[in-house]
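Enquirer: Protein sequence lines correspond, in order, to chains A and B.
The first sequence lines up with residues 8 to 307 when you count with the numbering used here.
The second sequence lines up with residues 13 to 427 when you count with the numbering used here.
Do not take every clue at face value.
So these bits of chain B aren't anywhere near chain A, every CB distance computed over 10 Å [to be verified]:
#1 T56
#2 H210
#3 D342
Sample of chain A residues at the chain B side, in silico, Cβ under 8 Å [to be verified]:
#4 K139
#5 E143
#6 V292
#7 L295
These are calculated hints, taken from the structure and not from any lab test.
The structure presented is a predicted model; accordingly, all values stated were derived computationally and were not measured.
The beta-carbon is built from N, C-alpha and C at its ideal position, and this holds for glycine as well.
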Amino acid sequence: MSEAPSEKPALEKVMEDWAAKSAEFWKTALETLPKAIPNIPATEALLKNRYLEALEKLLKGWQALSATMADPAAADSVLRGMSTVPEFFLRLSKAGWEASVLIHQKALETAGKIGQKVEGYRFDDIEQELLKAWREIYEEEFRRYFQIPTLGLTRYYQERLNRLVDQWNILQTTVSEFLYVLYLPVERSFQVLQDEVEAMAKEGRLPQRAKDYYNLWVKILEGHYMTLFKSPEYLSALREMLKQVDNFSVAKNQVLQDILQFLPVPTTKEMDELYRELYQLKKRVKELEKKVSRLEKAGH
Amino acid sequence: MEQPKISLDLILANLAAEAEKAQETVSRAVDVLLGPLDSALATTPYDVVYQEDRVKLKHYRSPGGVTFKTPLLVTYALINRETMLDLQPDRSVVQTFLNGGIDLYMIDWGYPTRKDRFLTIGDHVNGYMDNIVDFIRERTGVDKINLMGICMGGTFCVIYTALHPEKIKNLVTTVTPTNFDTNQGLLHIWMRAIDVDHLVDTFANLPGDVMNIGFLLLNPARLMLDKYVGFFENMANKAFVENFVRMERWIFDSPDVPGETFRQFVKDLYIKNLLIKNELEIDGQRVDLRRITMPLLNFYGLYDHLVPPEACSLLTSRVGSTDTEDIALDTGHIGIYVSSKSQREFAPKIIRWLRERDGEEEGAVAEEGKKEEAPGAAPPPPGEARAASRGPVKKGPTRKGVPKAPLKKIIEETL
């Protein structure tokens, strides 16, 4: 701390010396430049002068800057400015940090809601409840991030890409739910099998071949599936699964369409338009052919 | 508490024996699976005599010669392939027909591509089918041909015959859905549950693989598990493996279904059930089942989980024909064509039935049927009077004058 006051004048002295030398250098350079140009034709000289003028202005600028810097008061000001740089960076980084913390905080709040949501479900049906909880959390919390309005020239491409990621996430959950529904009869059939085997054991008529157990189980499983497949719950899961498969396919196709547009190949949309026209034309031609044939036959 | 009487030592001994047996099966199966296997299907020779876009018309070569005056056109569904009728030489409806002297034509719908997405039921029925029927009529020099439909192809045949009755002499429908207002089959329940517009708008055509998943889910315990357990148990048996592989090849050979056809089929038939109500419109023409006045033979399987009996059995009571017969076989959707029992009952019965009607004059059957009505009585709505005289499931021919031949006799005569 005690050495600081003695350092500042030394730094100022160095700055002044550097600025004075610098101003002297640019002045000499400016004076030397025209002499370096040999005799040239008038038009070319005129052309060269434009560049010379620009160079002169630049050198004069440097000279003025150096001269100013040589002034002790100005040097002090520059140094003070330099000392404010860390403060500037500090404030800048602070703002960035706070924004980051805010985002992090939001994410934590979202994560906190996971707990709140899961709490509301029963844990005796934990797998299904978890799937439901995850779906709701995703749809209500995370999905919003893929729906942030996109801006600028590439906004539509970005929007479609976001939609694809979003639909992929939804599809994953839906498939998991559907597979879980399909797994239920397997679980239940094992329970029923256990009960039946227990009952048979008590009666002393336990099957002795593994195949008999298997046959019994498959029969029970088949029955459970038949019941499940007619249930409104299954129909709803099936409908939802098909819907999400469709949605994902549409989103995927749109992104692929964007990519294809950059390649020298026709897109599906363009081909479909062509197919429709081809279909209509062929139909019309076939009708006309039949009419001509009938007319020809009638004529003969 | 009573102790369960479990002979654990016996169970364990059995398990050990079964494990040894399985090991032996696997070692023998390796030889079978690595050796040459004959799993070719649809080997009966034919010529493609007509083609329009992807659709081909097969004409089978008859080794023993043709003894029928009227050619038979078989129309398969757009789902899976017509090769099922010629799965293997000893289980081939095609070969039985040829041996019976039938001049046999069959439509091969081919593999629709995205280009075919806009084709409607009308394009199939009034377009391809009608052109093919005209081609056969011209080629063979007959005014009318016999028409046989399978599953969805049967529905097309019913629609076609109602729209063009003047070109059809006899109609045979097999496992053909015409009444869609039933909850007997899962397919009927599911079709009403799906959003067909969303599906077609997304995929353009209904992908064959999507359909296959749907069919497997109809009975996952049997179709995705038990079937392959059965294969594992028998994979040392070469003949079994060959038949199994042949069936697998057929079952997963699933062309896509043209999108607009599928949309129309689901909406107008599965959901609105318009065909049986005579309210279906194809290319602006109403499909009136009462215009089906030619003889009709209607087969269905009692254990058909895809097209249940309730979906098939109403047809004969709704058509205008007085010569109808329902035959309910003790089998399922595919078993009707490929099971060894059906090989003895199904195709021979068709041959006999067609032969009995091969030489008759047009309209004779209908006229004869009308004579049975009481003089002066108001004509009942088509089918109603006849329905009263028939049993609910297995019915004999209602046409008077046609002797009821015992099935055994029919088989002996035909084969």
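Enquirer: Look at each hint and say if it fits the structure.
Expert: Evaluated hints:
no. : hint : verdict
1   : T56  : 31 Å, holds
2   : H210 : 5 Å, violated
3   : D342 : 20 Å, holds
4   : K139 : 21 Å, violated
5   : E143 : 23 Å, violated
6   : V292 : 12 Å, violated
7   : L295 : 14 Å, violated
Hints 2, 4, 5, 6 and 7 from the earlier list are contradicted by this structure; the remaining hints agree with it.
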